[in-house]
Amino acid sequence: MAPKKSLVKSIDKHTLILLGLSVLIVITMGVHRPKFLGSANLQSMLVQLPEYGILAFGMMIAMISGGIDLSLVGIANLSGIIAAVVMLGLGGTPFGITLGVLGALSGGVLCGAFNGVLLGYVKIPAMLVTLSGLQVFSGLSLIITKGPAITGLPEAFSKIANATFVGVIPYSAFVFVLIVIVLSYLMNQTVFGRKLYLMGTNRVAASFTGINILKTTITAYILSGILGSTAGILMASHYNSAKSDYGSSYTLLTLLIAVLGGVDPNGGDGKVQGVFFSIIVLQLVSSAFNILRINAFIKTFAWGLILILVLTAINIPKIIREQKKG
Amino acid sequence: MNAKIKQKLLSNEAIVVYIILLLALIIGAVNPTFISPATGINLLRTMLVTLIFALSEMIVIVSGGIDVSFPAVSCLTMIATIKFLLATGIDSVPITYGIGILIGATFGALNAFLITIIKIPPLIATLGVSSLTSGATLAFLGTKIYTDLPEKIDTMHRISIFSYTNPAGNEYSMTALILIPAILCVLIHLMLRHTMIGRGMYAIGGDIQAAHVVGFNVAKTRFFTYILSGILAGTGAITYMILMRVADPKVLMGEEMMVIAAVVIGGTRITGGHGTVIGTILGVALLALVKNNLIILGVPTHFQTFVVGMIIVFGTSITSIRAKRIAEQAKI
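Those protein sequence lines, which keep their order, are chains U and R.
Numbering follows my numbering, with no gaps: position 44 of the first sequence is 44.
Numbering follows my numbering, with no gaps: position 154 of the second sequence is 154.
Treat the hints as calculated values from the structure; they're not laboratory data.
Among the clues, some could well be false.
Which stretches of chain R does chain U cover? Using the computed rule of at least three CB atoms under 8 Å from a CB of chain U, they are [stated by the list, open to error]: (1) 123-133; (2) 304-311; (3) 318-327.
Backbone N, C-alpha and C define an ideal beta-carbon position, used for all residues, glycine too.
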């Protein structure tokens, strides 16, 4: 119960706004479209939410560290493919599935280390590293699959996202909750979390206080990579297949979630609880769009518009303050 | 003098030239028919549109920004322009370019506004604009691919400046459209080298505070850069439409990766303040060469994404390690 208690205690204005927004959407949609609160819709929300929710946490960590991770979707797909290949190679035994999942996670670690080393040691800017990382990881996925999706994954594996606990809650939702708890501990209670915030706020000052910038950067991106591959495993389980270009719209969505959740694009600021509620708000909006049968392209349009509007709303008070100062 | 020659021979541009020559030699050894005017014509044709986009991206990166929205803006430009032409029955190449340039400039101004006035980081601002624009194109202008272009625009690509017939009797002709990137390269080169606004782009890309202190108008320079970049993107979009004789609302999406790669390989530093037109031309040429000849070298097409990714990683690593060394040396 410890994380929940600290969550309630440290609730801030930003989170309150997000919470209010979610309640507003639920009530409006619930009144106009009762289907919105039906168990079918709730279940489909709970299946989708962990996939990009976990990716969004990966983005959050990279952004707090002062960078960005545009390669997350690439890591997710590559991990899904590694898991699929290993599982199909070893047959659908529990041993094969475990090994597949472990293989996928180590893939995520390697991808994250690749990003982290290029960033921290070779000193290429995060944006360029992860953009080329995306290209390299998708390229590897294409080499393995030669294009088409890998299908026919073991049934037990597809149950992670598709089977439910007491009829409504998919098992992937538990994975998500576990990650939220671990991350809020990691970011708020550990030395690593403190180092990450400090490094994102001011890299030079952080290095003068004795923080090993290279090590912290690599750790942050490995963590982001692990989250990417966890999302990839859930995606593969959900679709019961793995492909090199699933979820290509998730990059902008995760960025939007992070920014809406109060993560500063310039680094050093952002909370797990903010991102958590931001994930919920966006899932509600997305589901509302689906139920109202709004065209998927309008969704793309809306995500871009919301991203720009949110950042404008956040930045305008700062600009006015600066102008007053002189 | 000697040191100067040595510096030239080890410059970024020179290294790209060596790699291009080496690659050409290898491809030529594997496939002797490679060394022919036909290859040159094919290569220039592949480079044509990418080069225009690369110029648009290069000036933005030089000024310390980044633009990932140009593929979406270009797709919108193509579809909006063709819809306008078909609806009004206008069939004129200059008007087509005029509309393209206008749309490009508008989105350039939007990017500049978000980055300069609202102070959103360039990558995030242009990602947002990209999503917004792409979504708007597909949702409001439709997903239709247009191949029924007005006649003058449809036949424009046939005007050629020279042609070559190989011994087998195949004719290769160089379209006059190549003059567009050629002229733009010269103009941008002159602007970057010899005008105050061009020098201003390097100045704000190198150190924004210093540029401000020296007296450059940072906001004005940024607006000029992004609007010019938008104009170039619009020009690229119309040129693509004329060259390929098609207007497709999605075809250029994802192109930003290749273009940024070409610009960075050409020696433009992603952190701003450094970059030349010649380097950009060489970067585009290198990637076009790789793209056109992977199959000849025995690399299957599904390796292409990975190979391009690794080229970017190595290209940027070299530039970055050099910059790191220079930074470590300069402690007088």
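Q. Going back to the hint list, which numbers does this structure go against?
A. No numbers; nothing is violated.
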